[in-house]
Every structure is written in C-alpha cells, then in structure tokens.
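Here is how the chains run, residue by residue.
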Amino acid sequence: MKSEIWAIGGGKGGTGKSIITTTLGIYLAKQGKKVSLIDADLGGANLHSFLRIKKPKKSLTDFFEKKSPLKEIIIKTGVPNLQLIVGDINTFNPTSIKYTQKLKFFRHIISINSEFILIDLGAGTHLNTIDSFLLADKKIVVTVPEITSIENLYNFIKKALFRKINRILRDHQLKDVARNAWKNRNVNEIKDIKTFLYYLKKSSNQIKNLIDKELENFKIDIILNQVRNPNDIEIGFSIKSLLIKYLGIDVNFSGYIKYIDSFWDYYNGSQTHTSNENVLCTPLLNKDTHGLVNNLVEDKQLNLFNP
Amino acid sequence: MSDKKLKKYYELLEININATLSEVNRAYERMKKIYSTDSIATIPIDDEFSKKEREKILKKISKAYSKIGTHILEKKKKKKLISEHDKISEGKEGSIAISGSTIQQVREIQGLSLLELSKITKISKQILEDIELENYEKLPPEAYLMCHITNYTKFLSIDSQKAADDYIERYKKWKKKSKKEV
Ligand SMILES: Nc1ncnc2c1ncn2[C@@H]1O[C@H](COP(=O)(O)OP(=O)(O)OP(=O)(O)O)[C@@H](O)[C@H]1O
Ligand SMILES: [Mg+2]
Chain A
4 MKSEIWAIGG GKGGTGKSII TTTLGIYLAK QGKKVSLIDA DLGGANLHSF
54 LRIKKPKKSL TDFFEKKSPL KEIIIKTGVP NLQLIVGDIN TFNPTSIKYT
104 QKLKFFRHII SINSEFILID LGAGTHLNTI DSFLLADKKI VVTVPEITSI
154 ENLYNFIKKA LFRKINRILR DHQLKDVARN AWKNRNVNEI KDIKTFLYYL
204 KKSSNQIKNL IDKELENFKI DIILNQVRNP NDIEIGFSIK SLLIKYLGID
254 VNFSGYIKYI DSFWDYYNGS QTHTSNENVL CTPLLNKDTH GLVNNLVEDK
304 QLNLFNP
Chain B
37 MSDKKLKKYY ELLEININAT LSEVNRAYER MKKIYSTDSI ATIPIDDEFS
87 KKEREKILKK ISKAYSKIGT HILEKKKKKK LISEHDKISE GKEGSIAISG
137 STIQQVREIQ GLSLLELSKI TKISKQILED IELENYEKLP PEAYLMCHIT
187 NYTKFLSIDS QKAADDYIER YKKWKKKSKK EV
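Heads up: the protein sequence lines correspond to chains A and B, in order.
Residues 4 to 310 in the numbering used here are what the first sequence spells out, letter by letter.
Residues 37 to 218 in the numbering used here are what the second sequence spells out, letter by letter.
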C-alpha cells in the first residue's frame with residue numbers, strides 16, 4: 004500500500020496541532036482510509052487523550068532502542084481504520100537518535116500498511132522536529148491568527164528551509180560553502196535567510212540551480228486555526244503570500260478551522276465518558292474540516308474568491 | 037506577450053491562468069492590501085522583508101495586473117465580440133461618426149463595467165463616463181481628451197484613431213459654439 008506521510012508542526016505551542024491531527028485522522032478513517040497517527044511530541048504526547056484512550060506503555064523508544072518491531076508498538080484507537088503510535092521524551096532525544104535512524108524510521112513507517120500517516124510534531128523548532136517535518140510528503144503547519152503564533156511560524160519555516168538547503172549542499176559535497184558563507188556572514192552581508200540564499204546563489208551556477216530547484220519543490224500547507232471572523236481568513240492569505248514572495252517557496256493555504264466555543268466543554272467539561280464512542284463526533288468535524296481535508300488530499304487550496 | 041511572461045504575471049497575483057476579470061480585480065485588491073498596509077502577518081517579518089521591499093513587490097504586482105487586464109480584454113475582444121461588434125461598426129463606424137453612445141454600446145456588449153475599464157486603462161471612471169455621455173463641459177483639455185479616447189477605445193476594439201478624430205471634431209464644434217454664446 005502506498006502511504007503518504009503528513010507532518011503537522013508550526014512552532015508555537017497550543018495552536019491546535021494535536022486536535023487537528025486527531026481530527027484529520029478521524030475524518031480520513033471515517034472515509035474508509037487506513038490511517039496511523041504518530042505522536043512525536045517530545046514531552047507532551049496527548050493524542051491518546053483526544054482519542055480518549057489510555058496512554059500506551061510501549062513507545063517509539065522501544066523501536067529505536069530495543070529494536071521492537073513497529074507493529075508491536077501500534078495500538079488500536081477504537082475508531083475503525085485508525086491506529087496510534089506514541090513517542091515519549093526519549094524517542095526524539097537528539098543524543099539518542101541520529102539522522103540515519105530517522106531515515107530508517109521513515110522507511111519502516113511506510114511499511115505499516117496505512118494510506119495516511121499523520122505525525123504530530125508538537126511545538127518548537129528542535130532539529131529532530133525540523134528533520135521529521137522535512138522528511139514528510141506533506142509539510143503542514145498550523146497557526147492561529149495571532150502575532151506570536153505567526154512569528155513562530157515564520158521562524159519554523161525559515162529554520163526548516165535553512166536546514167534543507169544545508170542538507171542539499173552537503174549531499175553535493177558543498178557543505179563547506181554553506182558553512183563558510185555563514186561563518187563570515189558579517190563580511191558577506193548575510194543577515195537573514197534571504198540574503199544567505201542570495202549569497203549562495205551568487206557563488207556558482209551549480210549552487211544556484213540546486214537552490215532554485217529546492218525552493219521550487221519546497222512546499223508548505225498552512226492550516227489556520229481558531230478563526231473568529233472573515234478578517235482572520237484574510238490573514239491566512241497574507242501569510243501565504245508573504246512567504247511566497249519573501250522566501251520564494253510554494254505555499255498552499257489549505258483551509259481554516261473556526262474557533263469553537265463549546266470545544267473546551269467537550270474535552271474538559273464533562274469528563275464523565277470513559278469510553279471513546281463520542282470521539283467520532285468531535286466539534287471539529289464540520290463543514291470547514293471537510294473542505295480542509297479534501298484540499299489536503301487533493302493538493303488544492305482554499306478558494307481565493309469564496310473562502 | 038509571450039505565454040511564459042503571462043504565466044509569470046498570473047503567478048505574481050497568485051491566481052490561476054483561467055481567472056476571470058473580476059477575479060483578477062479581487063486578487064489585485066487583496067494584494068494591494070497585503071503589501072501596502074501593516075498587519076499581524078507583516079509585522080513579525082518587518083525587519084527582514086521591509087516595507088520598502090514590499091512596496092517594490094507591489095509595483096511588480098501592479099504591472100502584472102495591468103498586463104493581465106489588457107490580455108483578458110484583448111482575448112474577449114477577439115473571441116465573442118467580432119460578430120456583434122461588426123454589426124455596430126458596419127452601421128456606424130463607416131460613414132457615420134463614432135459617438136459616445138456607440139462607445140458605451142460596444143463596451144456593454146463586451147460585458148465590461150466602467151469600473152473594470154477604469155482600473156485597466158488607468159483613466160478615472162468619471163472621465164470614462166463623461167466621454168460616453170459626451171459631457172463636454174466636464175471633459176479635460178483637448179490634448180488629454182484625445183489621449184484618453186484613443187486609449188479607451190483601443191480596449192474596445194473600436195478604430196481608435198477614427199473614434200478620437202470624430203470625437204474631437206464634435207468637441208471642437210461645441211467649444212466654438214459655447215464661446216460664441218459667452
Ligand atoms: N478551533 C478551536 N476552537 C476552540 N478551541 C480550540 C480550537 N483549537 C484548539 N483549541 C484549544 O486549544 C487547546 C490546545 O490544542 P492542542 O492541544 O491541539 O494544541 P497543540 O498545538 O497540540 O499544543 P502543544 O503545542 O502544546 O502540543 C485545546 O485544548 C483547545 O482547548
Ligand atoms: Mg500537541
């Protein structure tokens with residue numbers, strides 16, 4: 004089975020990455036797609052809570068350290084077609100996992116018999132987070148229409164792009180070019196990613212071609228969460244446009260999710276349900292999500308003229 | 037205009053190559069807002085992607101917008117106009133002078149609003165309207181008027197030289213007359 008890996012990140016904490024990962028997963032599973040959720044949030048794995056199941060004992064650490072097969076750490080969620088793998092604080096610890104291991108993990112993961120593998124990256128711009136983001140087929144970022152969240156989003160994307168360019172140069176034995184450019188950034192008048200790329204592109208045609216190709220293929224999908232009015236949606240279009248024009252990358256504004264008042268109540272208010280029957284009717288499963296998931300699956304974006 | 041260039045222009049406005057004129061207009065309005073005002077989306081990136089640079093981008097976008105506008109109008113003109121327009125031009129353009137109302141008629145056949153044309157020709161909507169209604173007393177001086185009429189009618193696939201000549205002739209007559217009256 005061909006599987007598609009979606010990574011969900013974005014930098015800022017509390018923007019809705021986990022609930023959105025869960026909702027997307029439930030939605031796809033309901034459509035009959037086989038879906039695996041991977042909770043790669045360092046310290047704050049909580050997808051199981053949104054699914055109202057107990058935190059599993061085995062985690063990805065067992066895969067990396069004890070060589071447990073992936074299928075031993077996969078757990079059922081109670082939702083048909085939807086399964087879950089959790090990480091824990093040790094899993095993506097920089098000292099415990101190397102880049103080659105990450106590659107191996109991604110190779111293994113596509114063998115787990117799922118059409119969609121959704122990875123909740125958690126908050127932050129840790130190198131491991133960024134690497135997982137870059138290895139995914141779909142790079143999804145979640146933000147809310149608030150200045151701090153947008154600022155973190157830009158940093159997240161810039162960091163990812165920076166890492167990607169460095170990696171590509173390294174793959175072509177051009178590691179030193181990037182390193183020296185950065186080391187002498189004062190002399191080279193490099194002050195941000197844009198001037199960094201500009202400097203590198205000037206240095207040789209080969210590098211220019213490599214970078215141009217990378218930029219063209221670097222594609223981000225934006226989900227705007229906690230939208231309260233039409234103006235907020237315009238902010239989504241602004242973010243998209245600014246990223247395209249500033250960084251020269253490809254950006255989709257895939258969709259938005261409205262701020263839902265009853266949300267807190269649903270998850271926290273009446274913690275009486277012990278079963279997970281009602282996870283199937285989370286308040287986020289609505290018309291907006293429908294459009295959003297379709298756009299993500301079909302690689303389309305929000306209608307510019309009728310958002 | 038080459039297809040490649042055209043594609044670049046559409047890319048700058050971040051719209052599909054099949055966008056309609058009114059979609060192009062809306063996309064442009066949105067771009068103008070994004071690149072000429074500060075918002076919570078621009079402020080966090082302000083020190084890298086400065087206001088000045090954003091204004092430069094806006095200039096490029098404006099250029100793309102007017103190129104696309106011209107392109108769409110020309111396409112329209114080629115496609116659906118020919119037959120309908122011929123009817124009018126046969127009757128009126130040949131021996132009879134092209135009047136303001138002919139211009140208006142040709143415009144309406146093409147389904148274009150004054151506002152749309154004003155955006156593309158960069159002539160104010162009021163002037164376009166005054167041209168069509170032949171409100172001579174409100175029109176700008178002759179040299180400008182000539183230029184406006186030529187530019188305007190060019191978009192409508194009217195013989196712009198003739199349209200301008202006819203128009204100015206009438207305009208001059210009116211001017212003489214009104215001087216006498218004074
Ligand atoms: N659309 C929404 N409407 C109302 N509340 C929301 C919405 N989305 C998220 N929230 C609120 O924000 C909280 C945080 O959501 P979530 O845990 O999914 O964020 P997160 O990005 O995964 O956070 P972290 O970075 O800590 O992992 C939720 O518990 C919920 O109360
Ligand atoms: Mg989370």
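There's no promise every hint is true.
[As the list claims (entries may be wrong)] Cross-link-like lysine to aspartate or glutamate pairs, in silico, DMTMM-like; alpha carbons within 20 Å at most:
1) Lys-40/B - Asp-215/A
2) Lys-69/B - Asp-215/A
3) Lys-69/B - Glu-149/A
4) Lys-92/B - Asp-179/A
5) Lys-222/A - Glu-50/B
6) Lys-194/A - Asp-174/A
[Unchecked claim] Here's a subset of chain B near chain A, in silico, CB distances under 10 Å, partners left out:
7) Leu-57
8) Ile-70
9) Ala-77
10) Lys-87
11) Pro-177
12) Glu-178
[To be verified] If you only want the chain A side, here are some residues facing chain B, beta carbon under 8 Å, derived:
13) Pro-148
14) Glu-149
15) Phe-240
16) Val-296
Think of the hints as simulated: they come from the structure by calculation, not from any bench.
Yeah, the Cβ is synthetic: ideal placement off N, Cα and C, and Gly gets one too.
Consistency of the hints with the structure:
| no. | hint | in the structure |
| --- | --- | --- |
| 1 | Lys-40/B - Asp-215/A | holds, 18 Å |
| 2 | Lys-69/B - Asp-215/A | violated, 28 Å |
| 3 | Lys-69/B - Glu-149/A | holds, 18 Å |
| 4 | Lys-92/B - Asp-179/A | violated, 34 Å |
| 5 | Lys-222/A - Glu-50/B | holds, 15 Å |
| 6 | Lys-194/A - Asp-174/A | violated, 25 Å |
| 7 | Leu-57 | violated, 12 Å |
| 8 | Ile-70 | holds, 5 Å |
| 9 | Ala-77 | holds, 4 Å |
| 10 | Lys-87 | violated, 12 Å |
| 11 | Pro-177 | violated, 40 Å |
| 12 | Glu-178 | violated, 42 Å |
| 13 | Pro-148 | holds, 7 Å |
| 14 | Glu-149 | holds, 7 Å |
| 15 | Phe-240 | holds, 6 Å |
| 16 | Val-296 | violated, 22 Å |
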